[in-house]
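Chemist: Let the hints inform the model, and build the full structure from the sequences given.
Taken in sequence, the protein lines are chains A and B. The opening position of the first sequence corresponds to residue 42 in the working numbering, with each subsequent residue numbered one higher. The opening position of the second sequence corresponds to residue 96 in the working numbering, with each subsequent residue numbered one higher.
Please keep in mind that the hints were generated in silico from the structure rather than gathered at the bench.
To give a feel for the contact side, a few chain A residues facing chain B, derived at Cβ under 8 Å: (1) 123; (2) 125; (3) 215; (4) 216; (5) 510; (6) 555.
C-beta atoms are modelled at their ideal positions from N, C-alpha and C, and glycine is treated no differently.
Listed below are the residues making up each chain.
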Amino acid sequence: MSNKLNHSMSLAKPDALDISNKQKIALAIGVIGLFILALALLNTNFPNKALFLTLALGCISLGIIGYARGAYLNKLEGIKNDGVWFKSISSRGVWGWIVGVILTTFYIVLYFFPKYLGLATDGEANTGLISLFDPLSKLLSGRAASQWFVYGTLYTVAILAFGYKFILKYRHNRYQQVRTVSVMFFQLGFAFLIPEFMYVMNNDLPYYDLKSMWPLNYYIFDEWSVNGFLSNGTIGLALLLFGIISIFVISPILTYKYGKRWYCSWVCGCGGLAETAGDSFRQLSSKKMSAWKLERWLIHTVLVFSVVMTTAMIYTYLGYDSNDFWLTRGVFIALVIGFLTLLFTAVLYFKGKEFGKDAKYGAIGFFATIALLLILHFTGTTDNVFFIKAGTLRSTYGIYIGSIFSGVIGTGFYPILGNRSWCRFGCPMAAVLGFQQRLFSKFRITTNGGQCISCGNCSNSCEMGIDVRAYAQKGENIVRSSCVGCGICSAVCPRGVLKLENDSMQGRINPTEILLGNDVDLMDYVNKN
Amino acid sequence: MEHIVIIGNGISGVTAARHIRKNSDKKITIISAETKHFFSRTALMYIYMGHMKYEHTKPYEDWFWEKNRIALKQGFVKTVDTDNKTLHFQEGDSVTYDKLIIATGSKPNKFGWPGQDLKGAQGLYSKQDVDNLEIYAPNNKVCKRAVIVGGGLIGIELAEMLNSRNIPVTFLVRETSFWNGVLPEGESQMINRHIKNHHIDLRLNTNLKEIVADENGNVKSIIIEETGEEIACNVVGLTAGVTPNIDFLKTSKIELGRGVLVNRFLETNIPDVYAIGDCAEQHKAIGNRRPIEAVWYTGRMMGETLAQTICGNKREYKPGHWFNSAKFLDIEYQTYGWVFGSRGKPEYEKHFHWKHEDDTKCITVAYHKDTNLFLGINTFGIRMRHETFDTWLTQKRDVAYVINHLAEANFDPELYSHYETAIQTAFNNQFQTA
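Modeler: Structure (structure tokens):
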């Protein structure tokens, strides 16, 4: 083993590599911005909230931007991974753990104890951190801030500032730049500004981030949400229809053409944060076979849970009598079961061979879902599903999946588990898109003949924990449901071996025994056997 | 059960082992003195640079070997007794084999420079070399300057490594321009400039005279042959090429040249003893190839081929079209077919050279001056598709066809700028005026 000390665990000097003076100044500015937020959190009553909020967000952004410029602009364009496994923050060192604990705490408070952030109760005015954000919220939508507005603002600032850093880091790579501009645009516009403006235009509409589709957006088909849409005439109905079309029509078409990357690393907000603020942690994802096995069980379990939960939610507010509305509970359950059965048989029929060993697991998932739906139908009462209150089921999903998994673990654990642990292990949307990407998509990462040298840069930088090298060194294209198409494996490859492509379905999956460049007769002989 | 013993757990030996396992149930043992598990030697530089840790350079997880019934033995083979089919280890124990595969790779060249074995003078080949570098050059306070001797692929990697820790580097290159024994002039000159842009002190036409020691036997400075200049430094990187790592075979009956001499079936003069990879030397070079090919890819191909022979499907080592790749600091390089530098260039070979104005991208296309047959391409800063060039070489396309269809071979990431039109224009202009 290496006789090298692990520099990163030293408390006195956690980092092996020093940073420049310019970066130290930037870091100080950023800390001042965070300090203002901390003061607000401790109920400091700033005289001019608008000014101090601007100062805080401005300092944080400037700090990140200045730090990034100091890190990248004094060097030639190229791969900038020097020292990522030496730096404490990005190698699970002291700073990594500290940041992980702070982030996790923040998420716990945000989801479960927003009053500590200063959220008003009973119509009083906000205090603390949330009150600091009141001026911005009033400016955008005329209402006081909520904990979600604070979170959304910080989230957007993080994507924009770290997005700038990412663009500088990859300033030789236009794919990375365009992709990053795209996530910055969708976060700022679709997730942050447009919902606020929609509220100004029609304040009865439920909050709707147009790009966030079911099952990631698990509350869109909740009773309050659907009622909110339906009570708002044409625009409401149009939005609800858009929600349905986006998962059942738009998403399959785009995923067929471009792979799931069109969503996961170009549009999605979770992906946006992971790709920008989370970029420094991408190498921390586990590449072990055991992690892959866990991933497949976990993510598909969440998907089953999500489908059953959504069905149950809709089920509870539908009636029994077809005279009231044609879509009764019975019809609805039959439709869902019919749709799933059609989907499952079609997949087996067209792709059964490719599915191979996984068909067994697919069948388990399918029959489990159907069984749960039947139990739902035959044991459900007016208020209860699965013998518990319908609302309890929904809030259980909300707490465990929506809050704890995606927020507390997904983002809070960035410095420990890597930046995509939610996307990899938990996101039901990623499971749906991934399923399609594996079976019905033109997307693949092409391996360039025999050029791989097994160095492992690709696997190391894969945020989804795909062992890219395992494919590349066999000369095999990478077709994996979890791949979000971030393109970093291709960027860091020192020998030009990997290329993200949309090409024909034919020959997309091409396992080989002998790689290109050897004796053609031997290749023929072995590869045909 | 037949026992196959492989000395060396690099790409050649491991590839052979994997393919023997796929095709048979033979007992397989891999021996290495370097590390317990196979790792990617080409990734050593990234450990020192902090891009990866040692464990990330292992292409297979540690459970892989047991699952595939490939036994791993750590030990240093001292002598090979082919009469009794027995290996004797430095540690005192021994192992018998039915078939022996020698895949021991290379070691850095040392040309008898005074001081070449001092503490801080080292090559860059093994895991131990990187561990030593961590001792003698952990940062720019312990190592105030490093001198690298030998302008090849390993030398420039070592320069990049030291640069990543802000250690000043002086890079001594014997030739008139970087790696111009292999690269054509335009490319070689472009890399010279790129090296200097990284603030590396590149000294062309410069040889090492001696390495000077301090009172503790550490490197203190080096002296340059041509000028007598003394350069203070704490580390000297000896990267003037590699040579087969076969000293332990000198007392055996196996016939040796510079490497282990083998025929086209990778057989040595002794039955049931084979050699593959960097340490194997062909009696007669294959085509334009060198008798000793110290390249990752050829090691892998020999492993793939020999596994067939071992498993009863006797095969010649018959590699396809030549290809290779490297990365010079930030500039990627790929080559398909044959493109020669001024040294060793056949008289029939002519070149078309195009360079982008940003001085980080260029290509050189080699063709036959009489028939216009496409011979090969070097590409810098533009990725090309292996399969496309392999097909064109097999189809014996002419140079104009290749230039006009270059877009089909492009392998750059999506949304990158394309240069095919500029290249075609340059080609047409050159040929009209020629």
